[in-house]
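A.B. asks: Chain residues, written in single-letter form:
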Amino acid sequence: NAGVTQTPKFQVLKTGQSMTLQCAQDMNHEYMSWYRQDPGMGLRLIHYSVGAGITDQGEVPNGYNVSRSTTEDFPLRLLSAAPSQTSVYFCASSTLSSLETQYFGPGTRLLVL
Amino acid sequence: KQEVTQIPAALSVPEGENLVLNCSFTDSAIYNLQWFRQDPGKGLTSLLLIQSSQREQTSGRLNASLDKSSGRSTLYIAASQPGDSATYLCAVRRNAGNMLTFGGGTRLMVKP
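Chains Y and H supply the protein sequences, listed in that same order.
Those letters in the first sequence? Residues -5 to 107, by our numbering.
Those letters in the second sequence? Residues 975 to 1086, by our numbering.
Treat the hints with care, since some could be wrong.
As the list claims (entries may be wrong) - Keeping only pairs whose Cα atoms sit at most 30 Å apart, straight-line, the calculated BS3-like set for lysine-lysine is:
#, chain 1, residue 1, chain 2, residue 2
1, H, Lys1016, H, Lys1085
2, Y, Lys3, H, Lys1016
3, Y, Lys8, H, Lys1016
4, H, Lys1042, H, Lys975
5, H, Lys1016, H, Lys975
To be clear, the hints were calculated from the coordinates, so they are not data collected in a lab.
Just so it is clear, the structure is predicted and the values come from calculations on it, not from any experiment.
Starting from the given sequences, assemble the full structure and let the hints guide the process.
C.D. replies: Okay, here's the thing in C-alpha cells:
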C-alpha cells in the first residue's frame, strides 16, 4: 500500500511551457484534491474530484486543468506556466464518508522561470 | 471570506518546555477545525480534529481547544521534544464538505 504518490518531486519550467503533475492513490478513495502551498501561506485548494468523471473547482483554479478518468489517478495540468505558479503542490485523497481523514502526498516543488 | 491566522510564524524552544500555538479565524460559523503537522519535504499529517460543538480534543501530549465564539483555537504541546520540530497548520472547515481554509502555519523548532 503506497498511499498517495506524486511525480515529479521537483520540476523547473520556463514561462509558457506546459506540464502535468501526476498523482496516484491505491486506497480506492473516491475523493481526491490538489492544493498549492506558497511561503508563509497555508494550503489553498485548486481542484477536487468526488469520483471518476467528476471534477470541480476549488479556491484558486485559474491556470490549472484536471481530469479524473480512473479512481486511482488525478493529474493536474498547467497549460501555460507562469512565474506566479511557482509553488509546492500537494495531492490528497480520502473516502467520501470521512473527508476529514485526508492522506497527503509528499508534494511536487515547481519553479517557473 | 474566512481568514485564518497563526501566531507566531516561528517558534524556537528548549526541549522539555510546554508550549502553545495559536490559531484565529474571522468567521465563527465553522463546521470543524483541524490541526496538522508538516515535516520538511513531506505532506500533511492530521493531528487533531475538533467539531464545532466540542471544546477540546486530546491525543497524547497534544491538546487542542476551540472557542468558536471568539474565533480562536490553541494547540498545547506538553513536554516538547526535538521530534516535535515541524510546521503546525490549523485549518477550518465551513461545512461538511471538503473546503478547508488553512492558516500560514507555525514553524516550531525544539532544541535538545
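A.B. asks: Run every hint past the structure and note whether it holds.
C.D. replies: Against the structure, the hints come out as follows:
1. H:Lys1016 / H:Lys1085: Satisfied, since the Cα-Cα distance of roughly 21 Å is no more than 30 Å.
2. Y:Lys3 / H:Lys1016: Holds. Y:Lys3 to H:Lys1016 sits at ~11 Å (cutoff 30 Å).
3. Y:Lys8 / H:Lys1016: 25 Å, holds
4. H:Lys1042 / H:Lys975: 16 Å, holds
5. H:Lys1016 / H:Lys975: 29 Å, holds
Violated hints are absent here; each numbered hint is respected by the structure.
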